[in-house]
Amino acid sequence: MKKEVKDTIIAELGQKLQEFPHFYLVDVTGLNAEKTSALRRKCFQREIKMVVVKNSLLHKAFEASDIDFSELYGYLKGTTAVLFANTANVPAKLLKEYDKEDVPTLKAAYAEESFYVGADKLAELSALKSKNEVIAEIVALLQSPAKNVVSALQSGSNTIHGVLKTLGERPE
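Read in order, the letters of the sequence shown are residues 9 to 180 in our numbering.
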């Protein structure tokens, strides 16, 4: 491979590292062409960008990045695919579907500005909540007390109205 092509690939990887806040390093050593194509299709459906890359080029892209990815250098062995995503837990949920098989397996991940190393972290990664999910939970928690107050006031007015009506209709 010519140096110009390598430089272009490193620049593209660097751009993806800046564009996507989360990525997973996945070992795809045992995948044949058919299974790799199926994995790519699933990634595309879930808005995950899958790139199979040479480890040395990915290492250079990591070195050129503003973020210190040195913790991931030791996992750049074998056949590596990088799954780039905007939502941290989507690639983990995809990989959990393959959990029963041996391939693909998680080597490491960078999600929510933290490093996750090893296939045993897959459950933890799939449990991460996206920013929108956290906001929705907070809004629901904030609305809950207000709904209870409104509900109590509404049921209270019916109760008070019923008591007054009963008292008004009662013969003295």
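For the record, the hints were derived by calculation from the structure and aren't laboratory data.
Treat the hints loosely; a few may be bogus.
[Said to hold, decoys possible] Just the calculated beta-carbon pair ranges, DEER-fashion:
(1) 153 with 173: 26 to 34 Å
(2) 120 with 11: 13 to 21 Å
(3) 132 with 62: 22 to 30 Å
[What the hints assert, rightly or not] Taking lysine to aspartate or glutamate and the EDC-like style, the derived pairs with C-alpha atoms no more than 20 Å apart in a straight line are:
(4) 101 with 55
(5) 57 with 20
(6) 24 with 120
(7) 24 with 105
(8) 68 with 128
(9) 24 with 79
(10) 68 with 79
(11) 129 with 71
(12) 85 with 128
(13) 50 with 15
(14) 101 with 79
(15) 137 with 55
(16) 139 with 121
(17) 139 with 15
Glycine included, every Cβ here is placed at the ideal spot set by N, Cα and C.
Hints, verified against the model:
1. A hinted range of 26 to 34 Å for the beta carbons of residue 153 and residue 173 is consistent with their spacing of about 30 Å.
2. For the pair residue 120 and residue 11, the beta carbons lie near 36 Å from each other, so the given range of 13 to 21 Å is not met.
3. Separated by about 29 Å at the C-beta atoms, residue 132 and residue 62 satisfy the suggested range of 22 to 30 Å.
4. This hinted pair checks out: residue 101 and residue 55 have alpha carbons roughly 13 Å apart, not beyond 20 Å.
5. A threshold of 20 Å between alpha carbons decides the hint, and for residue 57 with residue 20 the separation of about 13 Å falls inside it, so the pair holds.
6. Straight-line distance between C-alpha atoms of residue 24 and residue 120 comes to about 16 Å, which keeps the hinted pair within the 20 Å bound.
7. The hinted pair formed by residue 24 and residue 105 fails the criterion: a straight-line CA distance of about 25 Å is larger than 20 Å.
8. Taking the CA atoms of residue 68 and residue 128, the gap is about 27 Å. The hint is violated against a cut of 20 Å.
9. Note on residue 24 and residue 79: the hinted pairing holds, with a Cα-Cα distance of about 19 Å set against a maximum of 20 Å.
10. Of the pairs offered as hints, the one joining residue 68 and residue 79 holds, with about 14 Å between alpha carbons and a cut-off of 20 Å not exceeded.
11. Taking the CA atoms of residue 129 and residue 71, the gap is near 24 Å; set against the 20 Å cutoff, the hint is violated.
12. Distance restraint check for residue 85 and residue 128: the Cα-Cα separation of roughly 18 Å lies within the 20 Å cut-off, and the hinted pair is therefore satisfied.
13. Distance check on the hinted pair: residue 50 and residue 15 sit about 29 Å apart at the alpha-carbon level, beyond 20 Å; violated.
14. Between the alpha carbons of residue 101 and residue 79 the distance comes to roughly 23 Å, so the proposed pair goes past 20 Å and is violated.
15. Only pairs whose Cα atoms come within 20 Å are accepted, and residue 137 paired with residue 55 is accepted, the gap being roughly 17 Å.
16. Note on residue 139 and residue 121: the hinted pairing holds, with a Cα-Cα distance of about 13 Å set against a maximum of 20 Å.
17. Between residue 139 and residue 15, the direct Cα distance comes to roughly 34 Å. Violation of the 20 Å bound is thereby established for this hinted pair.
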